[in-house]
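There are 2 protein chains.
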Amino acid sequence: MPEMNTQIVLASRPQGWVKESDFRIQQAPLPAASGGQVLLKTLYLSLDPYMRGRMNEVASYAANVQIGEVMVGETISEVVESSNPGFQPGDTVSARAGWQSYALSDGTGLRKVDTRRVPATAHLGAVGMPGVTAWYGLLKIGGPKEGETVVVSAASGAVGGVVGQIAKLKGCRVVGVAGGAAKCDYVVKELGFDACIDHRAEGLVKALAAATPKGIDVYFENVGGAVLDAVLARCNPFARIPVCGMIADYNATDRYGVKNLISAVGNRLKFQGFIVSDHMGIWPEALGQLAQWVGEGKIKYRETVVPGLENAPNAFVGLFKGENFGKLVVKVHG
Amino acid sequence: MPEMNTQIVLASRPQGWVKESDFRIQQAPLPAASGGQVLLKTLYLSLDPYMRGRMNEVASYAANVQIGEVMVGETISEVVESSNPGFQPGDTVSARAGWQSYALSDGTGLRKVDTRRVPATAHLGAVGMPGVTAWYGLLKIGGPKEGETVVVSAASGAVGGVVGQIAKLKGCRVVGVAGGAAKCDYVVKELGFDACIDHRAEGLVKALAAATPKGIDVYFENVGGAVLDAVLARCNPFARIPVCGMIADYNATDRYGVKNLISAVGNRLKFQGFIVSDHMGIWPEALGQLAQWVGEGKIKYRETVVPGLENAPNAFVGLFKGENFGKLVVKVHG
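Heads up: the protein sequence lines correspond to chains F and D, in order. Take 0 as the starting number for the first sequence in numbering that gives the first Met the number 0 and just add one per residue. Take 0 as the starting number for the second sequence in numbering that gives the first Met the number 0 and just add one per residue.
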């Protein structure tokens, strides 16, 4: 039996919460590299909240995935065949090979990664797209100054954890918001945040006030909903809110209504959405700095590694329920 | 009987909708100018939505008015006595003399105005704080480009009318949102907007979609609430939302919950509050340009002039119900 390419395709567009049955697993013949192509074997697949948006009928900013198409996604892959002089079999690359065990590429967008300096999976997390997202949003939109208070939601996640640690390196007071005591403990004890608020516990508004005695200068927005409302009520004049995501809304059929936007007027708030792929120019600088910080132990991270591509749909569904802890990756090949 | 100074003071902090009984009228002795002071006689008092915020216990960005204090406000005043070499009796100045018929000033913040070139009341409107607010928010935060679609709420108001006319001068498609058919007619026929939507009529979302076939690139926010939600759903990638005010929320005890903020992520929206008094450096340029446009008839405006300071509270209450048409001013003397 020749080896096949295992693929996970979009079976149906989710209505509200994404379900495992919105995906379908299929086998396809293994392609061969020709005419400048390389054949990539997927080592690790990254699972990220933005992928939920690609499953919708109306895509937000990038092309949506069509029914029957392989789901999109970042991977760490190994070059196993190459007809492209830029790549040799055995090279490890960062790619966008999607939810499949093999993929062809013409080399566009492939980036060789050094897995001796930084582990392979970190190139999908703290030294990959999530890390650059944290770096760009915090530093280029948030612009935190020493002594300011920075709040970040989804604080134990792939992006949030890096945001908070960079903010600490910049001399800020850093307060996380996360789901559950275990994640909050980790954020404070392992990542070194000054405080972390459990949004699942009672008294979010009061807890946030207690943790931010000088108000909030930067809020790195990953979740939306009630957390955003609580933050808006604590914002200082000229606060900045880089908007990376609003995961609370991604699966909602009736979204939370935000009531404290009026704070934007009196406090001259800046609330700004961004997508890191719009800013490819900053990637080399950001990745270099992140790799250094990770190498020096100044940025720590945690991962949930799910074994087996066939488990990706289940893990992805759990991502929106906070079942993962830190960066969620799927180990596809060994 | 010597002439007295009629003053309108804050009698109580409004709970929800502001009422006439939240104000009290009182008589005080007429002060005399000494030691560099000037005595100002109020010709016109400007009534503006931001004053509602100053009546609250917690002021948003400027000191709130204390119970028993004279309400704050911009005026066009005549110098009637002067011990300040910079001002002569007979000078007409723009001042912040508040809701009273006379006021003392040490000259700080007074600006002589030429009422031959532009009528006195226009210095409280299109060539005053509201005009500069429109100019700054639209041009410096909104950054409209030729051919883009600009939407402005409270389109027949002192700020909104100027926003839309500047946007037309910049070559944009301009759509207003206003309350009632008469205001919408005025916005299109007199001010030259391409379309205007009556937010009091049924079908706001559908009407906005029809009026913005290419989506929305700039939304100048004056009202908040359901209009903001409808606009968010029509925003193009990289749309800019200068946030001048949210009048729908100023008197609300239970504010509208905005549900479409998720658009900020995919569309990389910038939603930014501002207060024009933070940007005094741009006033001379803005006022010069606005005076020229008004002089040339390129910017038109309408006013509701209420006679008598004693009628200011009633007129102010009506401002939040849309009872005025265009800039609301009170004729105090003259």
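In short, the hints are calculated from the structure, not lab data. Careful: at least some of the hints might be erroneous.
Claimed, not checked - List time: in silico DSBU-like cross-link candidates among lysine-lysine, alpha-carbon distance up to 35 Å: (1) K205/F <-> K169/F; (2) K167/D <-> K258/F; (3) K144/F <-> K169/F; (4) K297/D <-> K258/F; (5) K258/D <-> K213/F.
As the structure is a prediction and not an experimental result, all values here were calculated from the model.
(request) Taking the numbered hints from earlier one at a time, note which ones the structure violates and give those numbers from smallest to largest. (result) 4
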